[in-house]
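**Q** Read off the chains here:
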Amino acid sequence: MLNQSRPPLRAAGALIGFALALAAGLSVTGTALAAQAQRVVTIGGAVTEIAYALGQQDRIVGVDATSFFPADATEKPNVGYMRALSPEGVLALRPDLILAVEGSGPPGAVDILKSASVPFVTVPEGRTPEGIDRKIERVADALGVPEAGRDLAARVHDDLAAVLDKTRGVSARRRVLFVMALTDGRPMGAGQDTAADAVIRLAGAENALQGVSGYKPVSPEAIAATAPDIVLAMRRSDGVELDPDQLFATPALKFTPAARDRALVVMDGLYLLGFGPRTASAVRDLAARLYPDLDLPGGHASR
Amino acid sequence: MRAADPALTLPGGVAAGDRRTVARTFVGLLALLLAATILLSAAVGPAGFGFDVLRPLFAGDTAADANALILWEIRLPRTLLGVMVGGSLAIAGALMQGLFRNPLADPGLIGISSGSALGAVTMIVLGAGPLAPVALALSIYALPTAAFVGGLSVTILLYAIATREGRTSVATMLLAGIALAAISAAGTGLLIFGSDDQQLREITFWSLGSLGGATWTKVATLAPVLLAATLVVPLLSRGLNALLLGQAEAFHLGVPVQMVKRTVIVVAAALTGAAVAFTGVIGFVGIVAPHLLRLAIGPDHRYLLPGSALLGGIVMVAADMVARTVVAPAELPIGIVAAAMGAPFFLWILLRQRGVVDL
Amino acid sequence: MRDAAATVAPLIEARGVSVRYGPHTVLTPTDLTIGAGATTVIVGPNGAGKTTLMRALTGELAPSSGAVLFDGADIATLSAATLARRRAVLPQATRLSFPFTVHEVVRLGCPAGRDDSARIAALLERVDLAGFGHRYYQQLSGGEQQRVQLARVLAQLDIGRDGAGEGDLPRALFLDEPTSSLDIRHQIAVLEIARTYAAAGWAVLAILHDLNMAAMFADRILVVDRGRVVADGRPAAVITAELVSRVFGVNADIGARDGIPYVLPPRPAGLPDGRI
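Here the protein sequences line up with chains A, B and C, keeping their order.
Numbers given in this note's numbering equal positions in the first sequence, counted from 1, plus 7.
Numbers given in this note's numbering equal positions in the second sequence, counted from 1, plus 27.
Numbers given in this note's numbering equal positions in the third sequence, counted from 1, plus 2.
If you are wondering where the hints come from, they were derived from the structure by calculation, not from laboratory data.
This list has only true hints and no planted wrong ones.
Sample of chain B residues at the chain C side, in silico, Cβ under 7 Å:
(1) 42
(2) 43
(3) 44
(4) 45
(5) 128
(6) 265
(7) 268
(8) 269
(9) 271
(10) 272
(11) 278
(12) 280
(13) 281
Far from chain C, by Cβ distances over 10 Å, these chain B residues were calculated:
(14) 51
(15) 60
(16) 61
(17) 71
(18) 94
(19) 258
(20) 259
(21) 375
Where is the CB? At the ideal position from N, CA and C, for every residue including glycine.
The shape of chain A in the complex, shown without the other chains (with noise of 0.2 Å):
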């Protein structure tokens, strides 16, 4: 009777063992894989340029349309916006391994191709310094540079760090509106909540626009009631930006001492909004514009 009941029982044992073995060690080859992955596809050009910071270019396959930094990987394939990912698009690079900023989508894309059995990992988004550290250590970890991970966001925070310094100590904020677009004389400007307002504040100035959230059309008589003193603006991947005739133009503006100074900044979208490697230096150019005798450290070429 015993010894009928045990080689099941035993047999049941060692099959568990097994599943759990295969398992732990899928898992780790799993990671390991991602890891020595050399088909990566890159989504956000934060992620991108990240990758690119580490050395690791030569693993990536595609990017999205959102990637302009650095000059070279525009010549990567590319799978589209960031927001309209075709699966199959995606797939047909035959990657290892997909890195996504948070935000990709739209989410049944995403879904399919979490789902496909290539490693997704999602990147958060972060508008603070802690933020782009972490940033660059989801990256580094996925492609299996933990060391240099950590190297470039100490760098790039000791950086960031060295220039909020400065700007934390500026007395008289100046208040900077950023505007997005003006369609036909109608201004969209950034509120709370937006990467725009995190690097205005960043760089030691205020968001002239209060009570909004996100990028919104703002009322004129608004815009002249606030005051502000400078406009930033974004210049768009293929050269275009606001021209400065036309923005001050605009009755919401045409009072404003922004106006009257012919106040506007016009910096690289990716570079000032993105938040990524680059991000220490563009809050110093704009800090440098905003406070032009503030003592700043480091000289680099402003874009």
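On the provided structure of chain A, position chains B and C as indicated by the hints.
**A** Just chains B and C now, kept in the frame of chain A:
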């Protein structure tokens, strides 16, 4: 012979079914209401409420005082543009309803709205690339011009399709309009597909309409169009009244039917095209203003057309006041406000009038 | 005894007028004259081309060949406004999608810029709709709506009475099945109104389905069959058993009262003799 109530056999007046006096009075009241609304709009906004804001207006003072600047440079042009756009859309709506003999017609039926949207989206998306030289040359007029050209092109195409040997078939216009609207929408969709985040935002908000870009230049540009229309439109009143009986009946009454149809289409297209070009697509006003007015004073175009213009202006200015104060400093697209305010009210009116208006 | 076509020069003349829709000929080339001061009625089976003929005569339809003359002038050269001063057309049925009052519908027939309230009230009384001015047209019965349209049409032509406009020049009144929705009392009333205007010197041309009404009220009957006028003359001469059988395919009994024929339809088949 039926026994008739003596009071009802009076030759004139409302009792006999003659609503002209009522209509005239109503239109007069609307004019007063419009004036009041304009004053109110000048006094209200995210930068401050109250009638002391209006003082520069009456003192004729264009000083560099902040309030005066806001009043003269922002609120007044915006209010006036609102009046003109609302009036234009309402007249165009009334004209369309007369032309198609249907109280549900609106200016969009002749393809203006979808064509304008196509033009505007084209400029927004391609104005950075292939159309950059054009955008540069036209500067602040680039977007309105593109929208106007788009709307007009579709209308001309539609008219050409529906007209043979000098006779314009209204039914063909309607059906072809549906087809052209679909084609425009497809084109617009393709452009949207090729656009980025920023352009998408621009497109979305343009499509919902706004008076935020109002300047005195725009007011001065739209004014002649509206003025020309107000001179031509009264001449169409009798013809449109007769057309309501039917095209053959209008002909028998001595109306030059084809010419009236042509003129109606041209005027409606010009008014709508100009309005949409400057403010984006604002729906609802074109259908509702004439309809409400008809319920009050009857379908006689001699009073309906000017009345619609006034009512359209009032609705637009009122909606704009809400649009720019309710989520200040941000702005709601005015098309949404007009629909949200007006649609429930309109439904209520319809439910009460179910017996009279028969479609 | 009424004298058929015993009046003045023809007001309306058709010369070789035909109407074709593609390969299909609806009206063969027709010569016709309609004189003022008489009531002419067109009868014929469904689809014979009666309405087409009337449309060509009113100017609504451009003929495929030939010409229509109104008081000597080719109507193709006359503007709609000019024609409207001398002729009016009562349509078969008019549906309105808008809330007009009866008064406003009748006023559509009046020229602009005058106060015609008294005249409108008088015309409404004439068509037995006194006091209906304030009612909504859409809420009336079919017959009432038809009478409102008649008032409107009369208003259009009635100008001469006031001494303005074309004075006493003869006018033409076209009626396309004016009695289709009316009860017998109102059918008679409307046709009597028409005859009154004919007696005053207008040309009245009506399409009727009812052969008896046609015979009673017409001075002259035109029978149209398959695109051609097959009979033209006084009722007594035209309404015969032979014609009714040939054109309408019905074996009716024809009687006469005071020289005016009447048509008795044959007894329906299958019913017992006499009683129902």
